[in-house]
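Asks: Start counting the sequence shown at -17; every next residue gets the next number (the numbering used here).
One thing to keep in mind: the hints can contain errors.
[As the list claims (entries may be wrong)] Lysine to any residue pairs mimicking SDA-like chemistry, simulated, CA-CA at most 25 Å apart:
{"no.": "1", "residue 1": "K59", "residue 2": "A13"}
{"no.": "2", "residue 1": "K59", "residue 2": "M0"}
{"no.": "3", "residue 1": "K58", "residue 2": "I39"}
{"no.": "4", "residue 1": "K60", "residue 2": "T(-15)"}
{"no.": "5", "residue 1": "K58", "residue 2": "N40"}
{"no.": "6", "residue 1": "K59", "residue 2": "V14"}
{"no.": "7", "residue 1": "K35", "residue 2": "G68"}
{"no.": "8", "residue 1": "K(-2)", "residue 2": "I72"}
{"no.": "9", "residue 1": "K35", "residue 2": "A(-14)"}
{"no.": "10", "residue 1": "K22", "residue 2": "A56"}
[Said to hold, decoys possible] Computed spacing ranges between beta-carbons, pair by pair:
{"no.": "11", "residue 1": "E(-3)", "residue 2": "A57", "range": "22 to 28 Å"}
{"no.": "12", "residue 1": "I39", "residue 2": "A4", "range": "18 to 24 Å"}
{"no.": "13", "residue 1": "G53", "residue 2": "D(-12)", "range": "22 to 28 Å"}
{"no.": "14", "residue 1": "K46", "residue 2": "E73", "range": "36 to 42 Å"}
Just so you know, these hints were derived from the structure itself, not from any lab.
All C-beta atoms in this analysis are idealised placements derived from N, C-alpha and C, irrespective of residue type, glycine included.
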Amino acid sequence: MKTAYDVIRKPLISEKSMTGVANLVYTFEVAVDASKTEIKDAVEEIFKVKVEKVNTINCEGKIKRMGVHSGRRAAKKKAIVKLAEGSKPIEFFEGMM
-17 MKTAYDVIRK PLISEKSMTG VANLVYTFEV AVDASKTEIK DAVEEIFKVK
33 VEKVNTINCE GKIKRMGVHS GRRAAKKKAI VKLAEGSKPI EFFEGMM
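When you get a sec, could you build the whole thing from the sequences and use the hints?
Replies: Pasting the structure below:
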């Protein structure tokens, strides 16, 4: 059984992701095998907020070469989480603005 902390790996802090904070939209890196309902439950459990919508993005690993050898970086999955209208903001992201 996965815990909420196994599903949510880390918050993604970038210029683009920080523009959504004012609209209660947050971006996280999540486990590759996590579903939208697992992500929603994990965010609600960890941050004690109400989630309205979850969008996910699968990011394939880049192909990298070292001479004649080639390999691939690990794949990632991002989740863009929109909180419900009456929900409180996540305090972790508020200090970044």
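Asks: Confirm or reject each hint.
Replies: We went through each hint and held it up to the structure:
With a CA separation close to 6 Å, the supplied pair K59 and A13 stays within the 25 Å bound. Restraint check: the Cα-Cα separation between K59 and M0 comes to about 18 Å, which is no more than 25 Å; the hinted pair holds. With a C-alpha separation of about 8 Å, the suggested pairing of K58 with I39 holds against the 25 Å cut-off. Between K60 and T(-15) the CA atoms are separated by roughly 18 Å; this keeps the pair inside 25 Å, and the hint holds.
Our distance criterion of 25 Å between C-alpha atoms is met by K58 and N40, whose separation comes to about 6 Å. A C-alpha spacing of about 5 Å is found between K59 and V14, which places the hinted pair at or below 25 Å, so the restraint holds. For the hint pairing K35 with G68, the CA-to-CA distance comes to about 14 Å; that is within 25 Å, so the pair holds. Of the pairs offered as hints, the one joining K(-2) and I72 holds, with about 17 Å between alpha carbons and a cut-off of 25 Å not exceeded.
A threshold of 25 Å between alpha carbons decides the hint, and for K35 with A(-14) the separation of about 17 Å falls inside it, so the pair holds. About 24 Å separates the Cα atoms of K22 and A56, which keeps this hinted pair within 25 Å; it holds. For E(-3) and A57, the hinted distance range of 22 to 28 Å is satisfied, since their beta carbons lie about 23 Å from each other. For the pair I39 and A4, the beta carbons lie near 21 Å from each other, so the given range of 18 to 24 Å is met.
The supplied range of 22 to 28 Å is met by G53 and D(-12), whose beta-carbon atoms lie about 26 Å from each other. Take K46 and E73: their Cβ atoms lie about 37 Å apart, and the range 36 to 42 Å holds.
The structure fails none of the hints (numbered hints given earlier).
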